[in-house]
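**Q** The lines below spell out each chain.
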Amino acid sequence: DAGVTQSPTHLIKTRGQQVTLRCSPKSGHDTVSWYQQALGQGPQFIFQYYEEEERQRGNFPDRFSGHQFPNYSSELNVNALLLGDSALYLCASIRDGRGELFFGEGSRLTVL
Amino acid sequence: SQQGEEDPQALSIQEGENATMNCSYKTSINNLQWYRQNSGRGLVHLILIRSNEREKHSGRLRVTLDTSKKSSSLLITASRAADTASYFCATDESNTGKLIFGQGTTLQVKP
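In the order they appear, the protein sequences are chains A and B. Numbers given in the working numbering equal positions in the first sequence, counted from 1, plus 1. Numbers given in the working numbering equal positions in the second sequence, counted from 1, plus 12.
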């Protein structure tokens, strides 16, 4: 049973560019959440997708957007990248939106 | 924004000793969870305690929850070098899977 998979694992972008990160949830999970973790900090909730719609959102600007596909996989898009967007982006999946979250290994984004 | 504070920020102990980490939070919760993270990799779920529970055990882990003080503690008994990692508490206010994490405690267990 594959867990949560994320791609790419590492990427480097320059300011102003756009990035798309991808996530496949654990088998049987229908809800996907995205978190941003800056160096030395705890993860911060970006948003959560369920039934292909954004169900909850954290305190992130509209430059951060997402999508969930019918197979429950998800994308995180960040436009107009800033230096401060450099972080580890974690995807987590959950079944029925309750209980423990299963995390992927993350995508480490560096913005130069 | 972070939900609360974790204490201590860093902890260094010898193998075989017990490690205790504390977490405080600000709002009412449905459940509180503890996660472990190795060297900036993905987080691994350790234990979940619901707001109507006071104590929970899982192997060498013991978690307590005091909702009147809005605090929780994680005890790792008989620590091993492999327990070296960062530990995070996270609260779920409404049992919807939206977790608010603390800043974490970095634990180093020396062999």
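Watch out, some of these pointers could steer you wrong.
[Unchecked claim] In silico SDA-like links for lysine to any residue, alpha-carbon gap of 20 Å or less:
id, chain 1, residue 1, chain 2, residue 2
1, A, K27, B, R53
2, B, K68, B, S36
3, A, K14, A, S66
4, B, K38, A, Q45
5, B, K68, A, R99
6, A, K27, B, H57
7, B, K38, A, G59
8, B, K38, A, N60
9, B, K38, B, S83
10, B, K68, A, E53
11, A, K27, B, L60
12, B, K68, A, E101
13, A, K27, B, R48
[Claimed, not checked] So, partial list: chain A residues that the calculated Cβ filter (under 7 Å) puts toward chain B:
id, residue
14, D31
15, D86
16, A88
17, L89
18, T111
Hints in this document: simulated from the structure, not taken from any laboratory. C-beta atoms are modelled at their ideal positions from N, C-alpha and C, and glycine is treated no differently.
**Q** All hints are to be evaluated individually against the structure, with a verdict given for each.
**A** A quick look at each hint next to the structure:
1. As the CA atoms of K27(A) and R53(B) are separated by approximately 17 Å, the hinted pair is consistent with the 20 Å bound.
2. Under the criterion of a C-alpha separation no larger than 20 Å, the hint pairing K68(B) with S36(B) is consistent with the structure, at around 17 Å.
3. For the proposed pair K14(A) and S66(A), the alpha carbon gap of about 17 Å is at most 20 Å, so the pair holds.
4. For the proposed pair K38(B) and Q45(A), the alpha carbon gap of about 16 Å is at most 20 Å, so the pair holds.
5. Only pairs whose Cα atoms come within 20 Å are accepted, and K68(B) paired with R99(A) is accepted, the gap being roughly 18 Å.
6. For the proposed pair K27(A) and H57(B), the alpha carbon gap of about 14 Å is at most 20 Å, so the pair holds.
7. A C-alpha spacing of about 17 Å is found between K38(B) and G59(A), which places the hinted pair at or below 20 Å, so the restraint holds.
8. The straight-line distance between the Cα atoms of K38(B) and N60(A) is roughly 17 Å, inside the 20 Å bound, and the hint therefore holds.
9. About 9 Å separates the Cα atoms of K38(B) and S83(B), which keeps this hinted pair within 20 Å; it holds.
10. A distance of roughly 35 Å separates the Cα atoms of K68(B) and E53(A); the hinted pair therefore is violated under the 20 Å criterion.
11. Under the criterion of a C-alpha separation no larger than 20 Å, the hint pairing K27(A) with L60(B) is consistent with the structure, at around 19 Å.
12. At most 20 Å may separate the alpha-carbon atoms for a hinted pair to count; K68(B) and E101(A) meet this at roughly 15 Å.
13. For the suggested pair K27(A) and R48(B), the alpha carbons sit about 19 Å apart, so the restraint of at most 20 Å is met.
14. This hint is violated: D31(A) has a C-beta 11 Å from the nearest C-beta of chain B, more than the 7 Å allowed.
15. Among the interface hints, the one on D86(A) is violated; its C-beta lies about 16 Å from the nearest C-beta in chain B, farther than the 7 Å criterion.
16. Nearest Cβ of chain B to the Cβ of A88(A): about 10 Å, over the 7 Å cut. The hint is violated.
17. Interface hint at L89(A): satisfied, since its Cβ lies 6 Å from the closest Cβ of chain B, which is below the 7 Å cut-off.
18. With 7 Å as the threshold, the beta carbon of T111(A) stays out of range of chain B, its nearest partner Cβ sitting at about 13 Å, so the hint is violated.
This entry does not satisfy hints 10, 14, 15, 16, 18, going by the numbered hints stated previously.
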